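These protein sequence lines map, in sequence, to chains P and D. Counting from 1 along the first sequence, just add 1444 to a position and that's the residue number in the numbering used here. Counting from 1 along the second sequence, just add 1016 to a position and that's the residue number in the numbering used here.
Please keep in mind that the hints were generated in silico from the structure rather than gathered at the bench. This structure is a prediction, so every number in the text was calculated from the model and none was measured. Errors might be hidden in some of the hints.
Within a straight-line C-alpha distance of at most 20 Å, the following computed PhoX-like cross-link-like pairs (lysine-lysine) qualify [said to hold, decoys possible]: (1) D:1058 / D:1032; (2) D:1025 / D:1099; (3) D:1039 / D:1107; (4) D:1138 / D:1107; (5) D:1025 / P:1506; (6) D:1155 / P:1506.
Chain by chain, the residues run as shown.
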Amino acid sequence: MSFSQRFTDIHLDVLKEVGNIGAAHAATALSKLLNKKVDMHVPAVRLVEFDEVMELAGGAEKEVVSVFLRIEGEAPGSMFFILSPEQGEEFVERMTGMKTDVFNPDDEMAVSALQELGNILSGSYLTALSDFTHLDLHPSVPSLTLDMVGAILSFGLIELSQVSDQAIVIDTSLTDTEHSDAEAIKGHFFLFPDPNSYDPLFKALGVQSHD
Amino acid sequence: MTEVLQIVKVGIADVKLGAIPDKIRTSGLGSCVGAVVYDERKQLAGMAHVMLPDSTMAKQGTINRYKYADTAMDDLLEMLLEKGASKYRLKAKLAGGAQMFTFKSSSDMMRIGPRNIEAVKKKLTQFNIPIISEDVGGKSGRTIVFDPATAQLHIRKVNHGEVTI
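Okay, chain D solo, but in the shape it has when bound (with noise of 0.2 Å):
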């Protein structure tokens, strides 16, 4: 029998399981951070698109949880429990926090790509769950796909060609 291969798209402000033999994608992180966790004996993973630090940030009545940092890892994390994920043996893999453009006028919103990082990073040291291995930082920007059968996150960028990580 033939299993068909799917890539799950995860999009801005997004979060979503992926289990074998699917991978999960996301496209086009600049400042945004995607943050993988996963159980690699039951071979599911989810991942999570998000576009700012804290939820707290927010200025609107109904929140999109899974745009804030906090938010979303706390229910990427749940979903993952929910179906059937260990919690001892979850994992960590993150990239993206660039940081696109530099202005001398520099509000905060220019670091929002670090401040996003440590944002997932409190976090996942908050859950212990430990970050086996990362590519974030500098300035390009980033599509990734995790493939849960290998535990393998696959990062192109533009001009500086592709990582397996």
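For reference, chain P alone in the conformation it holds in the complex (with noise of 0.2 Å):
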């Protein structure tokens, strides 16, 4: 059976309550970061080819700001925080109160902030999920990167690309409520888990996987 042929839709729900656990928590510890109320929307997963992956994260030639991790342990795979730049450096002011340009790789406080962030956001994503399963996750140190998003994302593909040409998303954003929409801090996780990794979450979850 070929890789997106595993996946029903009860597969997918599975995976849509992965994700709002993980951004339930990471949304709770970004409002005690910022003192101010996160939302999180309810998390999208879908199966997806490689180029509507990128679309989803706004088009592959799109700068982002991402912080970028692999979950080792009984489950591994790779993470993704993704921001604007915008909304990176609006972040950045909220948090420290400085105007910062997060395109300047020399600009310390914009990117120490921007690496804790992902930090926090991660780190409790991560947690939940790993609580939630009962698997044993831990996360790399994280990678704060401002690129494209096609060079970006493309790098959680590549265990998957041996196996699939599709992929599935995992992904959940997050916006604070105070500020109108165009305002807003909006920022998006993605979650790629590696293709041996969906057996022992499934399993953990309590869902027959398909093999």
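Both chains are sitting in their own frames, so use the hints and assemble them into the complex.
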């Protein structure tokens, strides 16, 4: 059975729950950090072609700030937290009270504030996921990058690309609620479990996997 | 008469041809490699956007040949020859193959960019196609546009400006 045929609606629902729990914890963490209410949107779980993965994040050439970490342990995978550069700057300003330039790699305040944001959000996402599944999952040191969506996300698809031409995208977004839509900080989580991680994930959550 | 210039978009794990007045473009190359092979006199070119070095890595039944450097380059050559390109006039330009991330627990996958470049070059050597210029490696993503009319490859990187090779 091919990779994509292994997933039924039930599997996608379970993965949605995974995204839900992870992002809910991350939203709480962000809310504490900014001392503001942060909303989480119901996650979208989709099976899409690689090119569509990039479209979901704004297009392959779009420049974004991203925090990437590898998940190691019983269900390895890749996780990305993605913000637009403007939203990254907005975030740093709210966190530190300073205007920054995320395009300037020498702007240490921006780099360390965003790194910290990434650590906190991805750490809380992963801890929630680990608690929920009782799987041993631990993050690598997150790396902060400002680059094109395609260049960043394609790295998360390498493991998967050896078995499939489609990816399961678990996409959750966060928005702070005190601002109008245009000003709100919106961030996206993308979770790409490695192909061999679906069995342990489904098993941990009590769903029969199709092999 | 006005000719409408079109941009031929090459996706991830994709191969496409373009001839004047069209340009060929692929966006957001990271560890992937964009390989352009062209016949300057015919003003015909093809671009491959490869993700992985070697089709023997595949763990799936039917493979997408455009995903792997070895099979994509075979197909690219065949498509160009079919369109009337002369094998002896073919030249190549390359971009991409960056190492976007570095981790201590560095598996083979971390070096995927350099491995993709090596694999594409190996194929070009095997075909006796000379590499005229390249902008490979580094740590940045690239968007590339090739113009078959001028045989110029335009490369844009975030924070590193634009170059034409």
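Here is how each hint holds up against the structure:
1. D:1058 / D:1032: holds (16 Å)
2. D:1025 / D:1099: With Cα atoms ~19 Å apart, residue 1025 (chain D) and residue 1099 (chain D) stay inside 20 Å; holds.
3. D:1039 / D:1107: holds (17 Å)
4. D:1138 / D:1107: Cα-Cα ~14 Å, so holds.
5. D:1025 / P:1506: The given pair, whose Cα atoms are some 15 Å apart, holds under the 20 Å limit.
6. D:1155 / P:1506: holds (17 Å)
Every hint from the earlier list agrees with this structure, and none is contradicted.
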